[in-house]
Amino acid sequence: MKLNLKTRLITLPIIFTLLLFFVVSCLIYFQTRELLKNVVGTGLAAVAREKNIEINSLVKRGYQDAKALSSIPLIKDFAADTNIKEQYLNKIKTIYKTYDDITLIDMDGNVLTSSSYTHEGDWASNSWFRKAKQDQAVVMSDVYLMLTPKKEVTSFFAPVKNDQEKMIGVLVLRMPIDKIWEISDNTVLTRSGYVMGFNELGRIIIHPDKSKIFEKAPDNIFGKIEKGDNKYLKITENGQEKLVGYSNILPSSAQDNEENSVKWFIAIIEPSSESLANLNNIVIIQSLMTMLLGLISILIISYLLNARVVSGLSDVYEGTIKISTGNLDYRIPVKSNDEIGRLARTFNDMAEKIKHYNNNLQQLVSDRTKELEETKNNLESINDNLTKSNSVMIGRELRMLELKKEIELFKKSKKDQEKGKRDGKNKKLD
Amino acid sequence: MMKKKVIIFLFSILFTAGLFSAGFLIFSQSNKKNEQKPEKKELNIYNWENYFAPETLSDFEKETGTKVNLSTFEDEEIMLSDVQSDPSMYDLIVASDEVFWRMNELKLLANVDKNNIPNLSNLHQKLFDKSTDAQHNFSIPYTWGTTGIIYNANFIKDNIKDWGDLWNPNYKGKIAMINNKFTIIACTLKYLGYHVASANESELTMAGNKLMEQKPLVYGYLDPMTIIEKIKNGDVWIGQLYNGDALMAIEENPDSNLKFILPESGSDFYIDAFAIPRDAKNKEVAEEFLDYILRPDVHSKIINYVRYASPLKKELIENKVDKVLLEDPLTYPSDEKVEGYGETSKGNNIRNKIWSELNK
Chain A
2 MKLNLKTRLI TLPIIFTLLL FFVVSCLIYF QTRELLKNVV GTGLAAVARE KNIEINSLVK
62 RGYQDAKALS SIPLIKDFAA DTNIKEQYLN KIKTIYKTYD DITLIDMDGN VLTSSSYTHE
122 GDWASNSWFR KAKQDQAVVM SDVYLMLTPK KEVTSFFAPV KNDQEKMIGV LVLRMPIDKI
182 WEISDNTVLT RSGYVMGFNE LGRIIIHPDK SKIFEKAPDN IFGKIEKGDN KYLKITENGQ
242 EKLVGYSNIL PSSAQDNEEN SVKWFIAIIE PSSESLANLN NIVIIQSLMT MLLGLISILI
302 ISYLLNARVV SGLSDVYEGT IKISTGNLDY RIPVKSNDEI GRLARTFNDM AEKIKHYNNN
362 LQQLVSDRTK ELEETKNNLE SINDNLTKSN SVMIGRELRM LELKKEIELF KKSKKDQEKG
422 KRDGKNKKLD
Chain B
118 MMKKKVIIFL FSILFTAGLF SAGFLIFSQS NKKNEQKPEK KELNIYNWEN YFAPETLSDF
178 EKETGTKVNL STFEDEEIML SDVQSDPSMY DLIVASDEVF WRMNELKLLA NVDKNNIPNL
238 SNLHQKLFDK STDAQHNFSI PYTWGTTGII YNANFIKDNI KDWGDLWNPN YKGKIAMINN
298 KFTIIACTLK YLGYHVASAN ESELTMAGNK LMEQKPLVYG YLDPMTIIEK IKNGDVWIGQ
358 LYNGDALMAI EENPDSNLKF ILPESGSDFY IDAFAIPRDA KNKEVAEEFL DYILRPDVHS
418 KIINYVRYAS PLKKELIENK VDKVLLEDPL TYPSDEKVEG YGETSKGNNI RNKIWSELNK
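Chains as they are written, first to last, in this note's numbering: chain A, 2 to 431; chain B, 118 to 477.
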């Protein structure tokens, strides 16, 4: 397909511009992608840290509540009636709604009173109870399950001391872990993004899918985490790249009892395609905008070029057509002083010259024709004369020719006569 | 000509560098291999006291080169608490089916890889039809037993027949009960004519009241080994005890005049089993040990020592286990006499409260 100059002048720059912008956009996209991942990863780590702080403040409150409740006189009074105490514990539970059970245990691990009596297992051998007893300090348990009703909980063990500051028992405040899940589940993330928490043994304790609780945290996360904040990982799960920002939970009461606190890890997991989707959109929109602006500028430039070059050229073209059809008086309008203008002017000069030559030629032809006419007439008169003299000459010539012929004939007849006489002689001799 | 020389020179440098780096890589890898010498296998078992034959562990150590560390507990609830506090501390734990059902519900147990235990086929499967883990997904049967009454005939001349004898005011201060809330409440429920694992609030309350009634008569709520000790030396005359422990005590102390009966009103039935805690560090070694335990020769030696009923097919062990034991109705009680626990979660709060009251 042959394109005219006008189309070519518009389409070619557009194609080249689009190609250029596409290449540049691709380069920008791939170069910025890794950079964006860093930004998003660090961002996720910051979210993890935020969640960590929120969870930690809840945990810290547990420590404080356990400490505060363990110093209430009625709780410290081990001789008080069990039923009254039980009622009192239930009353506390209605005020401190974060806890679903409050249990008071003596130093041998026997339950003195409990608001629900739902603990499975023995207290005396419970390592958190033993630690609280040994350290005489508040201890937080890891996450564990209880049966009736079935739920995940964590407990705070606070030493109970009498007025003489002698430890006489342990107060256990049990907190359902769903209080912590409320914090994690309320995190605003991408569609498939989620918050996961796991303990030091790598067991999941926070997950949006509750059936995953106590399952092993994926090795590509648990095996690769480092202590500290603002860290992130890139993992591949089911062929999908995911970004994992994480933060290890601050010691529950960092300032007073770092040893006793549980160390959890909070990880924010998002597929990088989703995390980068917004940023990708920005890059794509920016590229498209630049492309569009470029396209518009190219269109304007093409239009202007078109107006100058193509219209100038078509004036020249029109002129050539007119001149070729004989209109030698036609002159191309000269609109500019550039190459097109110069072309038009030169063309006009050329037309002028052609016209001039044309006029001269006509004069020359008529002069020549006149000369030829005269020559012709002269020749014709000469010819007449010649014809007359020629006919006299030809008559003489013709007479001469006839004479020559008669001589020849005479000669011939004479010879024949001589020959006949000789033959008669010879016959006589024989 | 010059160009060619330069190229050859550069190539030879590259080649030498390549050789060096390859050599270094191979060397460092072989070093790594040397560092990764297989460590000696280890197995941490948490079991009742005296619940293996004396040679069980040492034979396993000799056979496999594994170092076995044995820790013992006095009560399953203690074991449960320990595993709950740190599910990575032990590789193998022992408890009854009821406890393991709860522990599995509490997500404290790992699933057993049955492919590693081909000797599972040695089990007398019919025994486990009603078990809470009939398919042995998280627990592998070890022995099975019931609870009865042990008494010292030197002090008790009465005819001991049923649980009611543990409420006899004549034995005040000489009665011992097992320190396990499930066992003592189960036997009391049975005595009152209810199911051993009743979840009915009024039945449990009745059992609680009955036990509170007994409390002033009781010497203490003790672990099985202590009960045996006390009953031998006369501190305690009569007590509740698991049949295997009682029969072992009788055999080991022929002079103490110890007697054991299964109460007329019936008793509980439990399957003691092994399980692997959720975060066990040596799960495969634990499974290797379980396969070893289920071998008829190994198992027979254990049964002969611990005097509990074996869950293995009778034909596999009958030539190796004491005939007396195999025919003893105290070891193999009839089905009508005993009752399994099944799934026990309802009513546990009442059990806990009763237990707390008894311990005050």
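Read the hints as simulated data drawn from the structure, not as lab findings.
Careful, some of the hints might be misleading.
Which chain A residues face chain B? A few, computed with CB under 7 Å, are given here [unchecked claim]: (1) D123; (2) S126; (3) T291.
The list that follows gives simulated cross-link-like pairs (lysine to aspartate or glutamate, DMTMM-like), each with its CA atoms no further than 25 Å apart [claimed, not checked]: (4) K213/A with D250/B; (5) K327/B with D340/B; (6) K224/B with E183/A; (7) K217/A with D203/B; (8) K463/B with D101/A; (9) K38/A with E275/A.
For each label pair, taking beta carbons as the anchor points, the in silico distance ranges come out as [what the hints assert, rightly or not]: (10) D164/A with E401/B: 52 to 60 Å; (11) K247/B with K217/A: 43 to 51 Å; (12) L309/B with T83/A: 46 to 54 Å; (13) K217/A with S188/B: 37 to 45 Å; (14) K211/A with E432/B: 43 to 51 Å; (15) K278/B with K217/A: 47 to 55 Å; (16) T83/A with K278/B: 33 to 41 Å; (17) L309/B with A81/A: 28 to 36 Å; (18) D78/A with S188/B: 35 to 43 Å; (19) D186/A with N186/B: 40 to 48 Å; (20) S188/B with Q137/A: 45 to 53 Å; (21) N186/B with T83/A: 53 to 61 Å; (22) K376/B with Q137/A: 42 to 50 Å.
Note that the Cβ used here is the ideal one computed from N, Cα and C, for glycine as well.
Verification of the supplied hints:
About 4 Å separates the beta-carbon of D123/A from the nearest beta-carbon of chain B, less than 7 Å, and the hint is met. A distance limit of 7 Å between C-beta atoms decides the matter here; for S126/A the minimum to chain B is near 4 Å, and the interface restraint holds. About 45 Å separates the beta-carbon of T291/A from the nearest beta-carbon of chain B, more than 7 Å, and the hint is not met. A threshold of 25 Å between alpha carbons decides the hint, and for K213/A with D250/B the separation of about 22 Å falls inside it, so the pair holds.
With a C-alpha separation of about 21 Å, the suggested pair K327/B and D340/B falls inside the 25 Å cut-off, and the hint holds. Note on K224/B and E183/A: the hinted pairing holds, with a Cα-Cα distance of about 22 Å set against a maximum of 25 Å. Taking the CA atoms of K217/A and D203/B, the gap is near 15 Å; set against the 25 Å cutoff, the hint holds. A threshold of 25 Å between alpha carbons decides the hint, and for K463/B with D101/A the separation of about 18 Å falls inside it, so the pair holds.
Between K38/A and E275/A the alpha-carbon distance is near 11 Å, which keeps this suggested pair within the 25 Å criterion. The hinted window of 52 to 60 Å between D164/A and E401/B holds, with their beta carbons roughly 55 Å apart. Roughly 32 Å separates the CB atoms of K247/B and K217/A, a value that falls outside the hinted 43 to 51 Å. For the pair L309/B and T83/A, the beta carbons lie near 25 Å from each other, so the given range of 46 to 54 Å is not met.
A C-beta distance of roughly 25 Å is found between K217/A and S188/B, which places it outside the suggested range of 37 to 45 Å. Under the hint 43 to 51 Å, the C-beta atoms of K211/A and E432/B, about 47 Å apart, fit the expected range. Evaluation of the 47 to 55 Å hint for K278/B and K217/A yields a pass: the beta carbon distance comes to about 53 Å. Take T83/A and K278/B: their Cβ atoms lie about 36 Å apart, and the range 33 to 41 Å holds.
Taken as a hint, the range 28 to 36 Å holds for the pair L309/B and A81/A, whose Cβ atoms sit roughly 32 Å apart. Taking the beta carbon of each, D78/A and S188/B are about 38 Å apart, inside 35 to 43 Å as hinted. The hinted range of 40 to 48 Å is satisfied by D186/A and N186/B, whose Cβ atoms lie roughly 42 Å apart. With their beta carbons about 26 Å apart, S188/B and Q137/A fall outside the hinted range of 45 to 53 Å.
Distance hint check for N186/B and T83/A: the Cβ-Cβ separation is about 41 Å, which falls outside the suggested range of 53 to 61 Å. Here the CB-CB span from K376/B to Q137/A is close to 48 Å, well matched to the stated 42 to 50 Å.
Taken one by one, the earlier hints fail for this structure at numbers 3, 11, 12, 13, 20 and 21, listed in ascending order.
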